[in-house]
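S.K.: Chains as they are written, first to last, in our numbering: chain A, 1 to 165; chain B, 1 to 111.
Some clues are possibly wrong.
Stated by the list, open to error - Quick look at which bits of chain B chain A covers, simulated, 3 or more residues with Cβ under 8 Å:
{"hint": "1", "segment": "6-12"}
{"hint": "2", "segment": "21-30"}
{"hint": "3", "segment": "42-48"}
{"hint": "4", "segment": "71-85"}
For the record, the hints were derived by calculation from the structure and aren't laboratory data.
The structure displayed is predicted, hence computed values, not measured ones.
Cβ coordinates follow ideal geometry from the N, Cα and C atoms, glycine included.
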Amino acid sequence: MSAISSGNPEQMPTTQQSASRLQSPPTEDAPEVGVVAWGDVVLSEAEHYIDPDGVHVIRSLEFDVNAYDEDFETAVGMFVDNAEDYCSYLANLAREQTARPHELEMLGSLYERVMAIRNERERELSQDLAVALMRKVNRVFGRNVLAPKWRQRMTPPSSSPPSSG
Amino acid sequence: MAPTNDTAQLLAAVERLTGDTGTYGTHNVRFRIDITGSDGKPQSVVVAVTHNRRQPAKGNLNDIADGLRIPRSDLEHMLTKWSHDDLVKHLQQFTSTQLLPLAIRRQRGIA
Numbered sequence: 001m002s003a004i005s006s007g008n009p010e011q012m013p014t015t016q017q018s019a020s021r022l023q024s025p026p027t028e029d030a031p032e033v034g035v036v037a038w039g040d041v042v043l044s045e046a047e048h049y050i051d052p053d054g055v056h057v058i059r060s061l062e063f064d065v066n067a068y069d070e071d072f073e074t075a076v077g078m079f080v081d082n083a084e085d086y087c088s089y090l091a092n093l094a095r096e097q098t099a100r101p102h103e104l105e106m107l108g109s110l111y112e113r114v115m116a117i118r119n120e121r122e123r124e125l126s127q128d129l130a131v132a133l134m135r136k137v138n139r140v141f142g143r144n145v146l147a148p149k150w151r152q153r154m155t156p157p158s159s160s161p162p163s164s165g
Numbered sequence: 001m002a003p004t005n006d007t008a009q010l011l012a013a014v015e016r017l018t019g020d021t022g023t024y025g026t027h028n029v030r031f032r033i034d035i036t037g038s039d040g041k042p043q044s045v046v047v048a049v050t051h052n053r054r055q056p057a058k059g060n061l062n063d064i065a066d067g068l069r070i071p072r073s074d075l076e077h078m079l080t081k082w083s084h085d086d087l088v089k090h091l092q093q094f095t096s097t098q099l100l101p102l103a104i105r106r107q108r109g110i111a
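Extracted from the complex, chain A is given alone in its bound form:
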């Protein structure tokens, strides 16, 4: 099973998988099966194929979620957006008490995964921002300003013992 990944470029499909895709493009009758994931977090098992109109189709094998685009990576990103929207849609149905049993079932598993994806996105984003900020600051000061450092105490320690109350 290949990874139809989104998010961090390091998580993109491997060269071998990409090469096999180029050799024989997946069709609806013979789709590529994989997962849509952000980092290590799997959002959904899915199938991927290219329609005769040149559009990449990504269809969830677990939820009522699909995405279509001429660009594969865009389609993967759209799939994640559509899954998040579908989760909100199902949550509204549940609140209004109009959700069918299978919709509540899907909400149960999709909600957990969407939240995990959001946490992963936020973690990656804050990590990326911190790294970018550190690089800029270090460039300005010409040294590793934000690295942990040892600082010697400037004032001599008090000779009186710590107060008990």
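Chain B: place on chain A using the hints.
M.R.: Positioned in the frame of chain A, the structure of chain B alone reads:
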């Protein structure tokens, strides 16, 4: 222009057929139709139309036809000629289980 070639027309046709104004998401609109299946159990059928393309993707049209349980080749006829009541009557021929989304039917081994 035919609804299968123009997203605005497609959105209007699906809205008319389902009788639902739709729920807008980032890339698509979900239209819902409530049905009583042939087994007497209530069921909802939901189809999603991608709204941010000028021309609908073939895959989206296929998924709409599959979702509404009509042959893909009949989609254009259905979108232009059918009424809301025609669609309700058509869907009422199926059991509530047959009207489940494709992913769920596949998981349960009934697709």
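S.K.: Does each hint hold? Answer for all of them.
M.R.: A quick look at each hint next to the structure:
1. 6-12: The restraint on the segment 6-12 of chain B is violated, since only 0 of its residues have a Cβ under 8 Å from chain A and three are required.
2. 21-30: Result for this restraint: holds, n = 6.
3. 42-48: The restraint on the segment 42-48 of chain B holds, since 5 of its residues have a Cβ under 8 Å from chain A and three suffice.
4. 71-85: violated (count 0)
Checked against the numbered hints listed earlier, the structure breaks hints 1 and 4; every other hint is satisfied.
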